[in-house]
Amino acid sequence: MAPTTVLVTGGTGFLGSEIVQALVEAKNFAVTALDINPPSLGTVSYPSVTYVRCDIMDLERLREVFKETRPTVVTILEGPAFVEPMLIWLAYKLHTVAVNLLGESRYSTQGRDTLFSINVDGTKNVVQVSQECGVKAFVYTSSVTVLLDQLEENFRNADETWSTGRATTLYGQSKTMAEGIVLSSNTPGFRTCALRVAPIFGPRDPVTIPTIYGCIANGETPFILGSGTNLQDYVYVANVADAHVLALHNLLDLGTAAGEAFFITNGEPITVRDLCLAVWKEFGHYPRFQLRIPEELAWWMGWGLEWASWLTNRKGTFSRGVVLDATKTRYVNITKARRVLGYVPRVSLPEALKISCQHLQQQINAQAKA
Amino acid sequence: MPGVKDIAYYAVHPTQLRSIIQWKVWHNPVHERDESKESASLKRCFHFLAQTSRSFVAVILELHPDILVSVAIFYLVLRGLDTIEDDMTIPLAKKEPILRDFHNIIEQDGWTFTENGPNEKDRQLCVEFNVVIEEYKKLKPAHQAIIKDITKRMGNGMADYVKNAEFGINDNGVNTVKDYEKYCHYVAGLVGEGCTRLFVEEGKANPALLKRTELHESMGQFLQQVNIIRDIKEDFDDKRRFWPKEIWSKHVDNFEDLFKPENKAKALACSSEMILTALRRADDCLFYLAGIKEQSVFNFCAIPQSMAIATLDACFQNYDIFKRNVKITKGDACQLMLESTQNLQLVCDVFKRYTRKIHKKNNPHDPNFLQISIACGKTEQFIESIFPSQKPPVDEKKNPVNAEEAARLKKEAEETKWETIYMVSAVIGTILFISGIMLVVAWFAGARFDIALSQAKEQLGQLFGSGGSINASAPLDTKPSTDHSEL
Chain A
1 MAPTTVLVTG GTGFLGSEIV QALVEAKNFA VTALDINPPS LGTVSYPSVT
51 YVRCDIMDLE RLREVFKETR PTVVTILEGP AFVEPMLIWL AYKLHTVAVN
101 LLGESRYSTQ GRDTLFSINV DGTKNVVQVS QECGVKAFVY TSSVTVLLDQ
151 LEENFRNADE TWSTGRATTL YGQSKTMAEG IVLSSNTPGF RTCALRVAPI
201 FGPRDPVTIP TIYGCIANGE TPFILGSGTN LQDYVYVANV ADAHVLALHN
251 LLDLGTAAGE AFFITNGEPI TVRDLCLAVW KEFGHYPRFQ LRIPEELAWW
301 MGWGLEWASW LTNRKGTFSR GVVLDATKTR YVNITKARRV LGYVPRVSLP
351 EALKISCQHL QQQINAQAKA
Chain B
1 MPGVKDIAYY AVHPTQLRSI IQWKVWHNPV HERDESKESA SLKRCFHFLA
51 QTSRSFVAVI LELHPDILVS VAIFYLVLRG LDTIEDDMTI PLAKKEPILR
101 DFHNIIEQDG WTFTENGPNE KDRQLCVEFN VVIEEYKKLK PAHQAIIKDI
151 TKRMGNGMAD YVKNAEFGIN DNGVNTVKDY EKYCHYVAGL VGEGCTRLFV
201 EEGKANPALL KRTELHESMG QFLQQVNIIR DIKEDFDDKR RFWPKEIWSK
251 HVDNFEDLFK PENKAKALAC SSEMILTALR RADDCLFYLA GIKEQSVFNF
301 CAIPQSMAIA TLDACFQNYD IFKRNVKITK GDACQLMLES TQNLQLVCDV
351 FKRYTRKIHK KNNPHDPNFL QISIACGKTE QFIESIFPSQ KPPVDEKKNP
401 VNAEEAARLK KEAEETKWET IYMVSAVIGT ILFISGIMLV VAWFAGARFD
451 IALSQAKEQL GQLFGSGGSI NASAPLDTKP STDHSEL
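Going down the list, the sequences are from chains A and B.
All residue numbers for the first sequence refer to the UniProt record's numbering, where the first residue is 1 and numbers rise by one.
All residue numbers for the second sequence refer to the UniProt record's numbering, where the first residue is 1 and numbers rise by one.
This is chain A alone, in the form it adopts within the complex (with noise of 0.2 Å):
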């Protein structure tokens, strides 16, 4: 049988790069991999894959490319701007009290622009350019905040049955238009389904394991907000690419995921405040006293540095948004991808956080060397 030949798009990134590897491992496909950027130094790269350097945004090219590859299968991150945003948001939910400049676009609503042209207009380009050439299946790398990003919430054990629409940050909102777009293009010879996925962490990640390590260094660890019982969800890297193999097995054998959105999550949800001091501990730190900010406290402390910024004119570094995030419970449930694409989180969080821990721990090393 000849190898089934995947492209996929962002395939140097921090995601891209681990579901090419998964690809490879599969056997039996023919990978290229599409982005904006060169494989970055430190990654691994295959002789077998093919690296193609391309801008969603930029039609004729990606036309071109296709027409070269005539991939059967297409799976779709849209590179850095896909990781970015959905690590920073992770990177709020995470980090307390002490928010670094770059993160408060999560909450503002500038940068609409940049935002919804690669999100929006690229997975249009990717989706008219893969009909065009007879792509036969189309995994879609959606995100959790479609239904999650309706920030005044809570959202205990929600599943694909809720539905989405309501989010207020522009990441959300972008994501869910892109991920309409895809799904009601499904027909039978052009099967597409989306992954909503929770926060990724995993070695090489560039900001998750690295956010939460830095807190040791800025002293920001013994601070608690809100009641600290809320749940949340993420999954290791390594599960994500499993669920983009079992997904474009699906749409190419059964086809019984065509046209639905699943749920990815590590399956474990923990609170927050676990996860780091999980991470902490990794690193022999473990906070000496606790202090625990309650939730209306923090949003109320959020509001007025929201006007102190506004009349100062200086960007703030803690909101009302950043109190949300911490301190809503917001967890799903994976029966469906469980069921439909026989998915099971392969890692476990335990396992997945040593295994990222210990390749910070490498890199902060191999930096003090050098």
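Check before you lean on any hint, since a few could be wrong.
Heads up, simulated EDC-like pairs for lysine to aspartate or glutamate below, C-alpha to C-alpha not over 16 Å straight-line [said to hold, decoys possible]:
hint: 1; chain 1: B; residue 1: 391; chain 2: A; residue 2: 153
hint: 2; chain 1: A; residue 1: 281; chain 2: A; residue 2: 220
hint: 3; chain 1: B; residue 1: 152; chain 2: B; residue 2: 96
hint: 4; chain 1: B; residue 1: 391; chain 2: A; residue 2: 160
hint: 5; chain 1: B; residue 1: 152; chain 2: B; residue 2: 87
hint: 6; chain 1: B; residue 1: 138; chain 2: B; residue 2: 107
hint: 7; chain 1: B; residue 1: 391; chain 2: A; residue 2: 159
hint: 8; chain 1: B; residue 1: 323; chain 2: B; residue 2: 257
hint: 9; chain 1: B; residue 1: 233; chain 2: B; residue 2: 201
Hint data in this document are derived by calculation from the structure and do not stem from the laboratory.
Bear in mind the structure is a predicted one, so any value in this text is a computation, not a measurement.
Starting from the structure of chain A, add chain B where the hints point.
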């Protein structure tokens, strides 16, 4: 009589005292046993039941009459078996055949056993075992078959265990976690199976429970494991070790070291791992309870489970378990019984409450910190899946099903709006009307509005004017006031 200590305790824990009173005063058994129709041997059986089981007797006695006697006899048969297994004064050669043949023994009229050591606390039950056999034979044949089957398997499992202990195969007590769970299966998992079969036989539980064998297995395992965790000190003093070597050897080199004060942190870490093993069964137990159809059977199953999760919380991060027997207070026990004798939702609340308590005490220094946190999260998610505390948001305004629906919603919204307007104007109208009438009445009665008005003006002037006198402010006021009069 309560001691001074108890009185002092309940004086500062009034809610617990309230629970005790509530339970004692208000709890009515679902079914009451009718002593007048009982034979002498059955009465004797109930006497033994009360003597041998302190924790189970109350719940057994309230069971539905269809299964009451069967469950009681089942309990006594197993208690007899256990008494023979436990007795270290009986040589193996004597003990093994009895254990392996116990399912036949319970059918031999008049069988008794008098060779137990004098210190065996349930010795008398074996001495008068003929009464149990007499009552066993009066049970429905289907019930007899179930009891016989479980007795056979448990007897053989115990015999294997005793034999291994004798030949030093497990001289450190239980070795692997698998052995530990196997032991719990023989002494408790099988009881879960037997009870479930009795319940299903009498239509008191969903037959699906027999297919999902892991559920009744977890019911037994959870209770037994919690007992083993709680009784660590007592068992150690009796020279018995049920904590598997696979777990304790990760923390200390010798089992005895767990009890040395210098190993406090290690002992706590070891107990946490034991508690984690048990905690992973919690969601199965709740799932099982969802399959029970009859209230008295539900109470029978739910009370021990609630007590177990509370005991688990009492033992978690509590070094006292290595020094003495840790118990939940009587007040808490009554509160748990109140909550476990109504419906599954309340039992789920109990589990959620104690899971959160355990989670709160979870300590990052513990090697199993993250696993415990995940197990707590899993239990909470499971409870949420059977009793969702939140409905998926319904957005009528956003996605009306069709155009008619949309039109109807719009019309409704319009009507509500006008209703509000009418309501507000009616209220304002009434107020104006009544004040008007009052003013007219006052005028007829000779009220001097001109004086009232000028006084009001004066006071206002004093309030805002810098000079304070009406004369000073008058010239300034003249002009605007003329404007007003022209209007």
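Enumerated hints in conflict with the structure, sorted upward: Of the numbered hints given earlier, those the structure breaks are 5 and 9, listed in rising order.
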